[in-house]
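Construct the complete structure from the given sequences, taking the supplied hints into account.
There are 2 protein chains.
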Amino acid sequence: MKAEIITIGDEMLIGQIVDTNSAWMAGELNKIGVGVTQITTISDTPVDLVNALDDAQLRADVILITGGLGPTKDDRTKKVLAEYFNSELITHQPTLYHVTAFFKKRGLGVNQLNKDQALVPECCEVLHNPAGTAPGMLFEHNDKIFVSMPGVPFEMKEIMQTAVLPGLKDKNGGGVIVHKTVHTIGIPESILAERLEEWENALPEYIHLAYLPNPGQIRLRFSAFGNDEAQLKKSIEAEIVKLKKMIPEAIFGYDNDTLAGVVGKLLVGKKTTVATAESCTGGQIAHSITSEPGCSEWFKGSIVAYANEVKIGVLKVEEKDIEEYGAVSEQVVKQMAERVRENLNADYSVATSGIAGPTGGTADKPVGTVWIAVASPNETIARKYSFSHNRERNIIRSSQTALNMLRLVLVDE
Amino acid sequence: MKAEIITIGDEMLIGQIVDTNSAWMAGELNKIGVGVTQITTISDTPVDLVNALDDAQLRADVILITGGLGPTKDDRTKKVLAEYFNSELITHQPTLYHVTAFFKKRGLGVNQLNKDQALVPECCEVLHNPAGTAPGMLFEHNDKIFVSMPGVPFEMKEIMQTAVLPGLKDKNGGGVIVHKTVHTIGIPESILAERLEEWENALPEYIHLAYLPNPGQIRLRFSAFGNDEAQLKKSIEAEIVKLKKMIPEAIFGYDNDTLAGVVGKLLVGKKTTVATAESCTGGQIAHSITSEPGCSEWFKGSIVAYANEVKIGVLKVEEKDIEEYGAVSEQVVKQMAERVRENLNADYSVATSGIAGPTGGTADKPVGTVWIAVASPNETIARKYSFSHNRERNIIRSSQTALNMLRLVLVDE
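Chains Z and P, in that order, give the protein sequences. For the first sequence, position 276 matches number 276 in our numbering, and the numbering has no gaps at all. For the second sequence, position 341 matches number 341 in our numbering, and the numbering has no gaps at all.
These are calculated hints, taken from the structure and not from any lab test. Every value quoted in this text rests on a predicted model; they were computed, and no experiment measured them. Incorrect hints may appear among the rest.
Identical chains share a label here; the pair holds if one copy fits it or two copies do between them.
[Said to hold, decoys possible] Heads up, simulated SDA-like pairs for lysine to any residue below, C-alpha to C-alpha not over 25 Å straight-line:
1. K316 / E338
2. K79 / N201
3. K157 / A210
4. K265 / R391
5. K316 / D347
6. K157 / Q217
7. K233 / P204
8. K79 / A363
9. K157 / L212
10. K157 / V18
11. K144 / D48
12. K242 / N201
13. K242 / L113
14. K105 / G175
15. K2 / D228
16. K2 / D48
17. K234 / T184
18. K180 / T20
19. K157 / P213
20. K104 / V176
Shown next, in the form of structure tokens:
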């Protein structure tokens, strides 16, 4: 069974809002084995909806439509659907009761615009909308299913979960799709693809692999199609075992894992803590860490030593070393890591010092030059990186690389 | 001139990522007076792209395509486009130099997959991608313009801004749209709309106003349509003068201004500096500040005092006050601000202490309770806020509120 999503709304075509409904709907359909062939965003002009409906039913069995069901005059979906399916608009009494009660509960009267929310094409099955006043509508036509829902995310989700997905799951029968995402860091996409090529070509036909790049990270997404969910999961796990042997150092997590979250788990497992000393990353590492709920168990704090006087005065880096080697140097970044580890009484620490740009670069140390250090109870290591010319990316890449250096130290120990 | 956007990627059709590119592109096209008729998301199957291209050129003059340009074998856009426009793939030498240099700079060799990034259909105009290895491609065919770009947001944006939008703006000619955005903070959308209603209803017909909410901020975007650019700008400025009288304290900037950037300008104007002491915001304020190029002129650094022992040991907050009043209290947040101002030798400082959640709340201090302090050479002020139950939003709202408190102190002095 294949589905398509049609999203109606000028606010998306002028870039005022991002369409988050479609991704949610696609994800839910996928879980019950219904693939989505296309997502189409159109304006609220009737002819556009008619054309989109004509096209979609050529490709899909189920067409899910959101938007254009509000009470105001630019909401025309219901009228267009009535005409499209040659049906009259009639008052649906249970919906009228619901709308009246909905407003009464809020201490408000019901005007004609509200009452018109209970008008529906006679041929449709009405899908109750407990969260709002515009009901969902389901049409069966030429062996295809059409569902119209409000564009308000929580109303749409409520109708999908109670009235749409269970029915589609039944109709779709056996087929399932299983997804699993592997997060990697430190290997560029092209090199990763080269290293994995032979294995990738030998994957079973029912397993599809996708490379999804994030700044500094590549996610590898497995999708397995079939009838036996347990068997599909087992097949993916078997491939991940092979993958782990090929790129053991690069894999840091699965599915919803984050780099900071994985580092946190490793630290908690050792009953240890971390602190950061940040120059060029300016607090971004601390921010990644403190975005993780429960990080107070393993995070002490950070000294963002942006000015050299803070490196000297607060972090206690040797002034003469900054003068001799510069703030962006192995000597200074190592001291930053060691001092913050001591001062904040942490077991581990990471430190960054670099030139994020756009200015501040020299021939010797161009924009994008970053020194990163990790201090542990045993030793302090430091490494030099050359990132790009873009300030924002340099900050993100430096932060991720620093967390990953710490991760590798924690894994190795 | 009308445009359509075609987004290629299975990751959107299975709901793994939300398509944010399209909203950004639609917004930028709108600014230059190019309306978007449809946004279509399809899989990376060649036949789907061919069909989408066939359909799109029936409705639009410009077709913008993103995705499917990576080095791996599931990236097939380039090959499909070459066939679609009856053209051979040839090596584009400047791109080959760029790709080689791109990897060399990172200390990496270039493999065949990387080199293949320089293959382009002979008939296209190559659009340089300074931020990555896959170039953009522009085709003119049957009086229509087709542009193919990578799906990685910052690469797409770079190509759009440097190579696509200026050309489309020229071609579109005639009518002009003038946009101006006013950034506000501190007034919720519904209250703002109420306060501005009368003025908004009296706006000239050719000026459109949109409310664009961000967490904690509302942007008011003016769009004026007409032929005389200077006159349109003057009309908008006249409306902004009226707006300033209605909500003087809430307006912090215009167009590309950021809150941290505005604070920076105020500090530089007074030849002063700032430091931050962060508990619940965990480095997010420092990160906002250090995202501003040139912030070293006015930012000293930050102490992220997540653990109480760091508040006591590094920031030198009185231990007895933490015991007596709790870390989330007026007494402690004021000391944090004062101590970091002294220790980091800054003129001003901000400090935060709160319960970001999801755990840690009490009946007395529920999740979302945040104390914020600003210390200046003259005095220290502190205020208590009650935000929401969502950790991420609490961190952002707290950071913005802290920067805004500092801004108001700087403006008032």
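Evaluated hints:
no.: 1; hint: K316 / E338; verdict: both (10 Å within a copy, 21 Å between copies)
no.: 2; hint: K79 / N201; verdict: between (51 Å within a copy, 20 Å between copies)
no.: 3; hint: K157 / A210; verdict: both (23 Å within a copy, 23 Å between copies)
no.: 4; hint: K265 / R391; verdict: between (30 Å within a copy, 19 Å between copies)
no.: 5; hint: K316 / D347; verdict: both (18 Å within a copy, 21 Å between copies)
no.: 6; hint: K157 / Q217; verdict: both (24 Å within a copy, 20 Å between copies)
no.: 7; hint: K233 / P204; verdict: within (13 Å within a copy, 61 Å between copies)
no.: 8; hint: K79 / A363; verdict: neither (62 Å within a copy, 40 Å between copies)
no.: 9; hint: K157 / L212; verdict: both (20 Å within a copy, 18 Å between copies)
no.: 10; hint: K157 / V18; verdict: both (17 Å within a copy, 16 Å between copies)
no.: 11; hint: K144 / D48; verdict: both (19 Å within a copy, 20 Å between copies)
no.: 12; hint: K242 / N201; verdict: within (13 Å within a copy, 65 Å between copies)
no.: 13; hint: K242 / L113; verdict: between (58 Å within a copy, 23 Å between copies)
no.: 14; hint: K105 / G175; verdict: neither (43 Å within a copy, 48 Å between copies)
no.: 15; hint: K2 / D228; verdict: within (19 Å within a copy, 47 Å between copies)
no.: 16; hint: K2 / D48; verdict: both (22 Å within a copy, 14 Å between copies)
no.: 17; hint: K234 / T184; verdict: within (21 Å within a copy, 52 Å between copies)
no.: 18; hint: K180 / T20; verdict: both (21 Å within a copy, 23 Å between copies)
no.: 19; hint: K157 / P213; verdict: both (22 Å within a copy, 16 Å between copies)
no.: 20; hint: K104 / V176; verdict: neither (44 Å within a copy, 44 Å between copies)
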